[in-house]
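Trainee: Sequence:
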Amino acid sequence: MVFQFFFLCPSGWTISVLSSSLPVLPSAFSSLQGIVHCNYCTCQFLNFFCFLCFLSFLIPFCSCFIRTDQLDGETDWKLKVAVSCTQRLPALGDLFSISAYVYAQKPQLDIHSFEGTFTREDCDPPVHESLSIENTLWASTIVASGTVIGVVIYTGKETRSVMNTSNPKNKVGLLDLELNHLTKALFVALVALSVVMVTLQGFVGPWYRNLFRFLLLFSYIIPISLRVNLDMGKAAYGWMIMKDESIPGTVVRTSTIPEELGRLVYLLTDKTGTLTQNEMVFKRLHLGTVSYGADTMDEIQTHLRNPYSQVRPPGAQSSAPKVRKSVSIRVHEAVKAIALCHNVTPVYEPRAGVTGEAEYAEADQDFSDGNRTYQAASPDEVALVQWTESVGLTLVSRDLASMQLRTPGGQILTYCILQMFPFTSESKRMGVIVRDESTAEITFYMKGADVAMSSIVQYNDWLEEECGNMAREGLRTLVVAKRALTEEQYQDFESRYSQAKLSIHDRALKVAAVVESLEREMELLCLTGVEDQLQADVRPTLEMLRNAGIKIWMLTGDKLETATCIAKSSHLVSRTQDIHIFRPVTNRGEAHLELNAFRRKHDCALVISGDSLEVCLKYYEHELVELACQCPAVVCCRCSPTQKAHIVKLLQQHTGRRTCAIGDGGNDVSMIQAADCGIGIEGKEGRQASLAADFSITQFKHIGRLLMVHGRSSYKRSAALGQFVMHRGLIISTMQAVFSSVFYFASVPLYQGFLMVGYATLYTMFPVFSLVLDQDVKPEMAMLYPELYKDLTKGRSLSFKTFLVWVVISIYQGGILMYGALLLFESEFVHVVAISFTALILTELLMVALTVRTWHWLMAVAEVLSLGCYVASLAFLNEYFDVAFITTVTFVWKVSAITVVSCLPLYVLKYLKRKLSPPSYSKLTS
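Position 879 of the sequence shown, counted from 1, bears residue number 879 in full-length UniProt numbering, the numbering being contiguous throughout.
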């Protein structure tokens, strides 16, 4: 058997791919003279690394389930169907005797579509069969049920999963960038001061040599120790986050950007597994005149037993629809419709110890209720079928042609599936035509969104109101209806439907038109309400983030209706806010009209699909981003992983604000890596997002404390630490400048050797670094008043204004210390060094105390330890100090006087500022 694959590439060239003939190993590839040989792929519970065309299945149902959670973030299983002409072959070995080829579209980013054809050439005439997304198994998906045989189409960089990934970037925090700007300013000041000194010397002698000597003397202006202190501080912040018992399981995977948690303006979040648990629970059944909730489900069981206890003879028809039906009959018809109208398949686990193809033999299957699980393309469907099982009507088996239900009395009802109409985002509904094997009745069941079903069902006065009531409760609603068909009506429909499917032009429109001919005056059976359970404390967490001034965008690969419902139930969109659903657009004109309509809305949340977003960004990128940024909330549905990352980059480029992305699946990795701060959640979709993120948490609610407490504290601490390290270098450089000026601009160092080393390390390092323990408000207060977080986004803790304040303080204190020592010194120069250096150390320790807002016991220990180290070292510094002089009262009062003059005015100014212009947090701490 020879398969040839032709890829229509942008440049027009084609690639011929030949397959080998042994289906024994997982896909293996070897290249020989430009021809790629591909073994058949036999995969069971295997993670695919290539794109396969599904040729055959090892059981007669010719279908299987795959998991796509690492590709689109959805944890439900997807049904895949084999190519029919290969599945109908009598034996598996016949695959090797046919001649066929596959024509596939060029590799694309879109993970929701595929177009191709399968052609078998050894038939007369040749068999042509179209290939769609349901015939393929993608890379990064897992075969969850059964064993399949496929042939490779895309590999490596051509697979959807690889095309939707991006290379991670090196993230640099905004605080580091701001400190870099200030350091550049300090470098300019260093050069300027050195040039001024040489100029005041009069450029005498080898002035360029003096210039370099002054550059070395004033080099303390450049805070070389700043990087060390900040990196140690970041490590300390990470340790504090991981040791916080209020957010257990949190892991810090980066040591460069903990301060970014305190500067965020936009939070972009995934839906499935992040805001929701992706666990659907049936909550409400409404029949128009009666409603059943969680506490009245036993009444439904009672009503359901009555119809099945009355045995009808074969061929008997149901009662005339004109007669008003009893509640029991209405409940029975509603439950039966829910049990039949779906795409759910029951799956039974094989018995222990059974392997190989024998596991698919019916005799080796355990068909007990406890061994049965339901799989479907949507968790809503599973929740509905699980509910019908709980009330007594159980789906026990299903294949492509039939399904079987078990009644409360144990009777097995068999229904033949005549036609299936799957759910699409355009139709917003799905349907099935079934024939009851016992009565030969043909019934068309349909369920869908209320906006699509309201015009299809017969007139009623309760549907719209009840849909609104359930939506306000955060329930996902589905309207269920039916229509009885005669044999003649169905045969007429089938002929028209088959003819429409054979059309070459406008096939989709013709098929939809034929189906719509049945969708008239359908009998409304019931309205169901299903709750997608939210993660713990999602609503208060989102409310806290909004109060903190953070704008929240939800980016999901799910359907528009589902995303809108979750946005309402999670209170991402408040009940009083309007929602503008961006209509589907395909060209520039439609995008322009829809943007104009959206521009007229005010204080309105935006819901937009990935396809419409792509069109708008192509023609009106700036306008769309500008309008979206004004919205209180934005929901983007049907987003691919690449689109999620693109949205993050657009926000960064157009707003210049800091962004944070949070998700739990492999499809969120690109978004997490593109954001300024990425947070991963360990959930059902694995640890891929968690491992790729900067911070890993176990629950969404932990993001509140992570930002409000740790993010806020990390930023304010690093801002204070950075500026104080700069102050420490500026004050000693000021003293050196004053000293050189007094002594005729001589390029002579004031302090030498160990004094300069000890000043930046042993004598001041511990108190300065202890600022990483400082906090302005208690964690409980920061969580209670998230409005405190808003001030951080303005960057007032570290700015050129605060930097200039510290520069003025450094110049003042350096001048006082040096001039005071020169004014009070005795006849020997060594006394100047002793007085000024001791006063400098005391001033630094007092300035740390002045900067601290909340004392920690380690801060006091650091102060005492540093002072003790300095006093103890005086006995060993005979080279720099006169030991006899520093033990006199004169030395003590002179040092005390200079220190008081340098620090007391600052304490007075700080007291007056807190009284006249207190900071926002001071009212909470008083």
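Careful, some of the hints might be misleading.
Label pairs and their calculated CB-CB ranges [what the hints assert, rightly or not]:
#	residue 1	residue 2	range
1	Asp124	Ala144	34 to 42 Å
2	Ser517	Gln630	39 to 47 Å
3	Ser920	Leu177	54 to 62 Å
Since the hints were made in silico from the structure, they are not lab data.
Source: prediction; values computed, not measured.
Just so it is clear, CB atoms sit at the ideal spot from N, CA and C, and this is done for glycine as well.
Trainee: Does each hint hold? Answer for all of them.
Mentor: Quick rundown of the hints versus the structure:
1. Asp124 x Ala144: 34 to 42 Å: Once the Cβ atoms are compared, 39 Å apart, the range 34 to 42 Å for Ala144 and Asp124 holds.
2. Ser517 x Gln630: 39 to 47 Å: Because 45 Å falls inside the window, the suggested range holds.
3. Ser920 x Leu177: 54 to 62 Å: violated (25 Å)
Checked against the numbered hints listed earlier, the structure breaks hint 3 alone; every other hint is satisfied.
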